[in-house]
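Chemist: Sequence:
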Amino acid sequence: MNFDSIPSGWKWKKLGEVCEKSEYGYTTSAKQNGADPQFLRTTDITNGDINWKSVPFCADPPNDEERYRLKDGDILISRAGSVGTAVVIKNPPRSIFASYLIRFRPREELNPSFAGFFLKSNLYWAQLGSKMSGTTLPGVNATNLSKVKIPLPPLPTQKKIAALLEKAEKLREWRKEADGLTDRFLKSTFLEMFGDPLENPKGWKKGKMGDFFSDVRYGVSMKSSSKGFPIIGMNSISYEGIIDWNNLSKVDLSPDIFQKEKLEKYDLLFNRTNASNLVGKTGIVDKEIDAVAASYLIRLRIMPSFQPYFVWYLMNSPFLKAIFCQKCKKAVNQANINSKELAAFPAIFPPLPLQQKFASIVQQVEQIRAHQTQSRQHIDNFFNVLMQRAFRGELEA
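The opening residue of the sequence shown carries number 587 in my numbering; numbering runs sequentially from there.
Don't take every hint at face value.
[Stated by the list, open to error] Taking CB as the label site, the calculated pair distances span:
| id | residue 1 | residue 2 | range |
| --- | --- | --- | --- |
| 1 | K809 | E763 | 41 to 47 Å |
| 2 | Q942 | R758 | 19 to 25 Å |
| 3 | K597 | R655 | 26 to 32 Å |
| 4 | I909 | R758 | 29 to 35 Å |
| 5 | W638 | D842 | 44 to 50 Å |
[Said to hold, decoys possible] In silico lysine to aspartate or glutamate, EDC-like type, Cα no more than 16 Å apart, as pairs:
| id | residue 1 | residue 2 |
| --- | --- | --- |
| 6 | K735 | E952 |
| 7 | K873 | E850 |
| 8 | K813 | D853 |
| 9 | K907 | D782 |
| 10 | K848 | D872 |
| 11 | K913 | E927 |
| 12 | K746 | E980 |
| 13 | K792 | D782 |
| 14 | K676 | E752 |
| 15 | K809 | D838 |
| 16 | K851 | D801 |
| 17 | K600 | E694 |
| 18 | K706 | E755 |
| 19 | K873 | E952 |
| 20 | K851 | D876 |
| 21 | K873 | D842 |
| 22 | K762 | D966 |
| 23 | K836 | E847 |
It is worth saying that the hints were derived from the structure and are not from the lab.
Treat the numbers as computed from the prediction; the structure is a model and nothing was measured.
Note that CB positions come from ideal geometry on N, CA and C, so glycine has one too.
I would like the entire structure built from these sequences, with the hints used as guidance.
Modeler: Right under this line is the structure:
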């Protein structure tokens with residue numbers, strides 16, 4: 587790593603040089619309610635964000651609470667779990683931080699927002715990678731983190747760079763919010779057309795999930811190969827049921843076996859084994875492709891009297907997912923729902939024309955979602971380029 591290539595007027599500074607002495611957090615347990623300070627843990631930090639409404643309270647507050655009290659501009663870095671993940675504290679409530687977090691409090695020469703963006707950069711992560719220690723639970727300590735080098739421009743330049751990156755990050759947030767609107771639109775449309783499928787307020791004919799299927803088949807269990815046919819695994823299906831057709835592994839199958847296992851357009855792929863909150867995510871094969879499904883998926887072929895997109899959305903709906911999760915909640919490691927259990931879950935059967943109308947809406951929304959995905963990729967690429975240029979000193983305009 588070249589620590590010389592920065593503009594004139596910039597300096598390489600260690601994190602420990604531009605922050606007050608680092609501090610490990612407080613060790614105690616958490617409780618859900620109380621008048622004590624809130625107790626921020628590594629698990630309360632998601633993608634650099636904190637939802638203070640979900641942060642628990644300190645079960646046994648420290649006598650020297652001020653020592654652990656969080657202040658605006660504090661930087662917290664996780665030393666276990668999601669090692670290296672950092673967050674900049676902004677306008678916190680009365681709160682202290684837990685022992686798996688390390689606090690760095692910037693001095694006047696370091697702008698907290700500038701530091702926060704640096705701690706998301708490839709330059710930071712490249713340095714952090716060389717400081718990992720441990721085997722089963724990699725971790726870094728305050729000493730190692732204090733040695734991480736930051737390319738530091740004058741304070742006014744730091745503020746300008748941080749302001750520009752904040753605007754770019756806002757674009758990503760708006761894109762995410764717009765994507766969420768798409769999901770909520772489909773959910774509200776489904777409820778308006780069919781009602782809650784568990785309560786069935788519209789009085790549709792009821793039955794079992796198995797009534798939808800003309801053929802049920804487990805995926806193939808074979809080692810991947812450098813040649814053969816693409817195979818879709820559970821990780822290729824998103825939580826929302828979208829199949830990622832990129833970078834699929836391959837399996838070498840005989841022609842006879844392939845013909846038995848070949849996916850057809852509008853087949854559904856049910857994830858039967860996974861973490862309990864992921865069991866039940868279901869993909870739909872939306873194109874003609876010579877491919878097969880992996881063993882942790884169940885291939886479901888839909889009866890002609892039902893619309894595949896309706897069944898697909900029903901299986902991915904919050905209503906069915908709640909049932910799947912309830913079924914799996916006692917699992918210790920990976921949970922499982924087999925084909926017989928799946929077939930026994932409750933279902934509603936609205937008239938086919940109504941299913942087809944909903945399917946048409948879904949397909950239009952999926953076209954919009956494809957454009958959203960492309961837009962998100964462009965925005966992410968733009969942000970990443972800005973990040974790289976920012977810490978090379980190429981954004982000083």
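Chemist: Does E847 lie within 16 Å of K836 when you go C-alpha to C-alpha?
Modeler: Cα-Cα ~14 Å, so holds.
Chemist: Are K907 and D782 close enough, with their CA atoms no more than 16 Å apart?
Modeler: holds (13 Å)
Chemist: For the pair supplied as a hint, K600 and E694, confirm whether the alpha-carbon distance does not exceed 16 Å.
Modeler: Since the Cα atoms of K600 and E694 sit roughly 15 Å apart, the hinted pair holds (cutoff 16 Å).
Chemist: Is the straight-line distance between the alpha-carbon of K809 and that of D838 16 Å or less?
Modeler: holds (9 Å)
Chemist: K735 and E952 were given as a pair; does the straight-line alpha-carbon distance stay at or below 16 Å?
Modeler: With Cα atoms ~44 Å apart, K735 and E952 exceed 16 Å; violated.
Chemist: Hinted pair, alpha-carbon criterion (16 Å max): K792, D782. Please report holds or violated.
Modeler: holds (12 Å)
Chemist: Does 44 to 50 Å hold as the CB distance between W638 and D842, or does it fail?
Modeler: Once the Cβ atoms are compared, 59 Å apart, the range 44 to 50 Å for D842 and W638 is violated.
Chemist: Are the Cα positions of K746 and E980 separated by 16 Å at most?
Modeler: Cα-Cα ~12 Å, so holds.
Chemist: Would you mind confirming whether the straight-line C-alpha gap from K762 to D966 stays at or under 16 Å?
Modeler: This hinted pair holds, its Cα atoms lying about 11 Å apart.
Chemist: What's the verdict on K848 and D872, does the C-alpha distance respect the 16 Å limit or exceed it?
Modeler: Measuring from Cα to Cα gives roughly 14 Å; hence the hint holds.
Chemist: Within 16 Å, alpha carbon to alpha carbon, are K873 and E850?
Modeler: holds (8 Å)
Chemist: Could one say that the CB atoms of K597 and R655 fall in the range 26 to 32 Å?
Modeler: holds (31 Å)
This entry does not satisfy hints 2, 5, 6, 8 and 21, going by the numbered hints stated previously.
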